[in-house]
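Chemist: The residues making up each chain are set out below.
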Amino acid sequence: MDDLNLLGPQLALLVGAGLIIIIDVFLPFAGRDAYGQRRPLLTGLAVLAAAGSAGWSLALVLADERGEPFDGMMAVDDFTLFFNFLFAGVAGVIVLGSIDFLNRNRFLGEYLALILAAAAGMSLMAAGTDLITIFIALELQAIALFALIGISKSGSGSEATLKFLLLSAVSTAITLYGMAYLFGLSGETSLDGIASYVSTTDENRSALVLAAVFLTAGLGFKMAVVPFQMWVPDVYEGAPTPVTAFLSVASKAAGFAVVMRIFLVALGEGIITSDWAYLFAAIAAVSMSVGNVLALVQGNIKRMLGYSSIAQAGTILIGLAAVAAEDPQLLLGTSSVVFFLGAYAFTNIGAFLAVIAISHKIGSDEIDDYAGVAKRSPLLALSMAACLFSLTGFPPTAGFIAKVYVFNAAVQADLVWLAIVGVINSVISAYYYLRVVLNMFARDPATEDAFLPSPYLGAALAAAVVGLFAIGVYPTPLIEASESAARVFG
Amino acid sequence: MLTLAIFIPLIGAAVIAVLPKAQEGSAKQIAAVTTAIVLSVAAYLFIDYDRGAGGYQFLDSTTWLDSSISDFDLNYAVGLDGLSLPLVLLTAFLGLVSVLISWRIELRPKEYFAWLLVLETSLLGVFSSLDLVLFFLFWEVELIPMYFLISVWGSGNRFYSAWKYVLYTFFGSAFMIVGILTLGFTAGTFDVRELAEVGSFDDAIIPAWSIFTLLSIAFLVKMPVVPFHTWLPDAHTDAPTAVSVMLAGVLLKMGGYGILRMSFSIMPEQAADANLIFAIIAALSILYGAMMTLIQTDLKRLIAYSSVSHMGYVLLGASSIGVVGLTGAAMQMVTHGLITGMLFALVGMVYDRGHTREIGQLRGLATRMPFITAMMLVAGLASLGLPALAGFAAEVTVFLGTFERHEALAICGVVGVAFAAGYILWAIQRVFWGEPDPKWAELTDATEWWERGPLIALTAAIVAIGVYPAWVMDLLRDGVAPIAEKLA
Chain L
1 MDDLNLLGPQ LALLVGAGLI IIIDVFLPFA GRDAYGQRRP LLTGLAVLAA AGSAGWSLAL
61 VLADERGEPF DGMMAVDDFT LFFNFLFAGV AGVIVLGSID FLNRNRFLGE YLALILAAAA
121 GMSLMAAGTD LITIFIALEL QAIALFALIG ISKSGSGSEA TLKFLLLSAV STAITLYGMA
181 YLFGLSGETS LDGIASYVST TDENRSALVL AAVFLTAGLG FKMAVVPFQM WVPDVYEGAP
241 TPVTAFLSVA SKAAGFAVVM RIFLVALGEG IITSDWAYLF AAIAAVSMSV GNVLALVQGN
301 IKRMLGYSSI AQAGTILIGL AAVAAEDPQL LLGTSSVVFF LGAYAFTNIG AFLAVIAISH
361 KIGSDEIDDY AGVAKRSPLL ALSMAACLFS LTGFPPTAGF IAKVYVFNAA VQADLVWLAI
421 VGVINSVISA YYYLRVVLNM FARDPATEDA FLPSPYLGAA LAAAVVGLFA IGVYPTPLIE
481 ASESAARVFG
Chain E
1001 MLTLAIFIPL IGAAVIAVLP KAQEGSAKQI AAVTTAIVLS VAAYLFIDYD RGAGGYQFLD
1061 STTWLDSSIS DFDLNYAVGL DGLSLPLVLL TAFLGLVSVL ISWRIELRPK EYFAWLLVLE
1121 TSLLGVFSSL DLVLFFLFWE VELIPMYFLI SVWGSGNRFY SAWKYVLYTF FGSAFMIVGI
1181 LTLGFTAGTF DVRELAEVGS FDDAIIPAWS IFTLLSIAFL VKMPVVPFHT WLPDAHTDAP
1241 TAVSVMLAGV LLKMGGYGIL RMSFSIMPEQ AADANLIFAI IAALSILYGA MMTLIQTDLK
1301 RLIAYSSVSH MGYVLLGASS IGVVGLTGAA MQMVTHGLIT GMLFALVGMV YDRGHTREIG
1361 QLRGLATRMP FITAMMLVAG LASLGLPALA GFAAEVTVFL GTFERHEALA ICGVVGVAFA
1421 AGYILWAIQR VFWGEPDPKW AELTDATEWW ERGPLIALTA AIVAIGVYPA WVMDLLRDGV
1481 APIAEKLA
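Read top to bottom, the protein sequences are chains L and E.
Here the first sequence is numbered in the working numbering, starting from 1 and rising by one per residue.
Here the second sequence is numbered in the working numbering, starting from 1001 and rising by one per residue.
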C-alpha cells in the first residue's frame, strides 16, 4: 500500500483517464443535447483528476513521505514531486484550454483520457530510476501523444501524426539501443547499479561514449533539440493547438527529466562525464542558434513558437552542460534546469493559450493577421505580450529570472562562451517575439469588433500570466523547490 | 521613502490601467498628480540628503531571492549618493514635464500615460539600485514602455525606430549580464558597494579587461557614442515629443551613470588603463555628432545629433579619471538632460502647430510665436555653453579636468563647442528669423498653462544651475570623489 500511496499522483491521473472512458461509454450519444450534457461532466472529471494528482503530491510533500516504490524501480523524491506538480498543472490547464476546441469537435472522452494518460506517463518518466520503467513510461506518453496529434483527423493533422510516429519510433529505437549498451556493459538496469559500474571502470570508454550519444540522440527527440528537431515545426503546426502546447511544455519537460535522471545518476561520475558535458554544450549552442534564426522567418505563429521552443530547449541545455563541465555535483546547473522548466511551463502554456484564443476568433494562425488585436481585445493582447516578453527574458517575468539563473550556472561552470552565445540568441529572439507584439499593438486591425476569450480559456490564461509575473517578482518559492529537486542528485 | 518614490509611478500606472473606458480622459490628471508627488518626494530627498555625511543614504534593502546552493542571492537594495541623487531629481522633474507636454494626446491616452509612468519607475530604479542584478532588471524593464511608446504613438518610420532602439539596447545589455554574472561569481556578491571594495578582478575566470569590456559596451551603446549611435537619431525623430524629452533627458544618462557607477568604480584598474581609448571615442563622438548636425534638415534630428556630440563630453570628462573631470561629466549629464529635454519639448510644440520639422520649410516663426522663440533662444544658448546658463558650468569643468591628461583631445572638445554655437544659432536663425512665410500665418504661440509651465520651470532650472552651479555640483563632486580616488 505504501508503494501505491507514493505513486498516488500518477494513479490519480490514470484512474481519471479510465473513469472518463467508462463513463463516456454509458452516456447517451443520441439526442441534440447529448454533447451539452457530457461535456461539463467529463471535462470536470478531467480537471478533478489533475487537481487530485496535484493535491496528492501536495499531501506527500506535507507528510514528508518519500521512498522508492516497487523495489527501487522508481523513486518518489523531491525531483519526482516537482515534476508531478508540473505535469498535473499543465494537464489541468490544457484541459481548460481545450474546451473551445472540444466544442467544435465530436470527440471528447478519448481526448481527455489521452491527455491524462500522457501526463501520467510523463510523471512516471520523471520518477523512473530503472531503464525498464523509464522505457515503459516513455512509451505510455508517446502512444498517447500519437493519438492526440492526429485526433482531429484533418489532412495536416494526419501528416503530423505520421511524421511524429515514424520519427518517434526511430528515436525510441535509438534510445533503446543506448540503454542496451549500458545494460550490456554493466549487467544492470537500475540507474544506481549502472552508476556504480560507470564510476569505477576505466575500460570500455568508447562503448560508454556511444551509449551516451545514442541516449542523447533518442532523448534529444523528446527535448526537441537540434539536430533531432526536424519533426517540430510540422507537428506543431498540424496538431490541434492545445496539443501543441502540451507537446511543447510537458513532453519537453519529461524529456529533460529523463535526461537528468540517466545522465546525472548513471553517467554522473566516471570517465565520460566531461564528454557528455561538451556534447550538451555543443547541442545547446547549435539549438539556440538554429532555432532562433529559423524562427525569424516564420509567418505562422505556431511554427514560430515551434522553432522558438527548439531555441528555448537549447537554453535549458546550457544548465545541463554546466552541471558536468566542472564538477558533477555542481547543483546549480541542475537546479537552473528545473527552475527554467517550471518558469517555461507558465510562459509557453500562456503563449499557446493566447494563440488559441486569438486564432480562434480571427480564424488564422498567420502572424500578419494578428494586426490590431490589442484594439479588439486589450487584455488578451496584453497577456500574450507578457508571455512573449517572458520568453524573450525581459523582467519582471519568470523568463528573466530563468535566463539569468541558467546563464549564472554557465558562468560558474566556466562556460562563459556558452553564456555569451545564449545572450546573443536572446537578442535574436527579441526580434521575432516583438514582431508579434508590434503587430498586435501598433498596427490597425481589419475590423474593430471586440472579442473575449471563453471564460475557461480566460481563467487558464490568467493563471499562467499571474504565475509568470509572480515568479518574476518573487522567485524564491520556485527557486527553493528547484534546489531541493536538484539536491536529489547531490 | 526612496522605495516609495520608485514605485509611486507604478501605482499611478495601475490606477490608470483600471480606469473605465468612459473616463480615459482623466488619465492625464492622474499621471500629472502621480509625477508631481514623485517630484515632491525627490525634492524632499534632495533637501534631506545629509551633505556633511555623504555616501549612500536613504538605504532600503531586503533579500528578494535567497538561494541556498550558490551565491545567487538577489537583493533589493536601493540608496542614493551625491552622483545618483541629482539624476533622480532630474528624472522626477522631467517625468512631470513629459506628462504635461503630452496633455493633448488623444490616441489611447490610458495606455500612453500608463506606459509613461512605468518608464519613470524603471528609470528611478536604475539610478537607485545598489545591486547589480536589480540594476540590470530596471535597465531592461525600461525597454518595454519605450518600445510601446515609440511604436504606437510615434511618427514616421516608428516601427523600424522602435525595433532599432530595443535591439541596440538589448544587444548591449546581453553582454552586460554576462559581465555582471562574472563579477558576482568572482566576488561572491552583486552589491555595488561591496564590489567597489574588491579592487582587483585578476583571478576571475575570464580576464579582467574582458569583464570590463562586457560591462562597458552596454553603457557606451546607451550613451551613445560613435559608432553605436545610429539608433539615436531614428528613435528621437520618430518618438512622440514627451518620449524624446525622456530619452534625451534621462535615458541617455543611464549610459553615463553606468560608466561611472559600474565600470569605473568597480573596476578602476581597467578603467584607468582604458582612459585613452575612452577619450578618443569621446572626441570622435563630439566632432562627428557636431558635424552631422550641420547637414540635417529635420529639426529633431539635428538636436538628436547634438545629443551625440554633447554626450561625448560626458565620456571625455570621465576619461580624465580625475575628480574634476568626473564632476564635469556628471554635471554635463544633468545639464544636458535639462537643456536637451527643453529643446525637444520646443521642437515638439513647433511640430504640433506646423506639422513639419523640415528646417527648409519653416521660416520667420518669431513673429507668430514669440514665447516659443524666446524659450528656444534660452535653451539654444544654454546648449552652446553660454556663461550664466547651465551648459557652461558643465563644459568648462569637463575641459578643466581633461586638459591635463588629454590635451589634444580636449581641444577637439573645444572645437565641438564652436560647432555647437554654429549649428544651434544657424538653426534658430533659419527657423525663427527671416521673412515670415504667409503659410505659417495661422500658427499660434504656446499659451496653455501646460505648455508654458514646464518651459518656465526648465528655464528656471537652467538659469539656477548656470548662475549658482554649486548647489548641484558640490553634490556631484562628493558623489564622484570616491570613484576618482580609486582611479588615481
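If you're looking for bench data, these hints aren't it; they were derived computationally from the structure.
Quick caveat, the model's predicted, so the values are computed rather than measured.
You may find that some hints are simply not true.
Derived pair list, reagent style BS3-like, types lysine-lysine, alpha-carbon separation capped at 30 Å [unchecked claim]:
(1) E:K1439 with L:K375
(2) E:K1021 with L:K375
(3) L:K361 with E:K1021
(4) L:K375 with L:K163
To be clear about the criterion: a stretch of chain E counts as covered by chain L if any three or more of its residues have a C-beta under 8 Å from a C-beta of chain L, and this derived list gives those stretches [unchecked claim]:
(5) 1167–1177
(6) 1181–1192
(7) 1236–1247
(8) 1373–1379
Cβ coordinates follow ideal geometry from the N, Cα and C atoms, glycine included.
Chemist: Take the hints in turn and mark each one as holding or not.
Modeler: Hints versus structure:
no.: 1; hint: E:K1439 with L:K375; in the structure: violated, 37 Å
no.: 2; hint: E:K1021 with L:K375; in the structure: holds, 12 Å
no.: 3; hint: L:K361 with E:K1021; in the structure: holds, 23 Å
no.: 4; hint: L:K375 with L:K163; in the structure: violated, 39 Å
no.: 5; hint: 1167–1177; in the structure: holds (count 6)
no.: 6; hint: 1181–1192; in the structure: holds (count 4)
no.: 7; hint: 1236–1247; in the structure: violated (count 0)
no.: 8; hint: 1373–1379; in the structure: violated (count 0)
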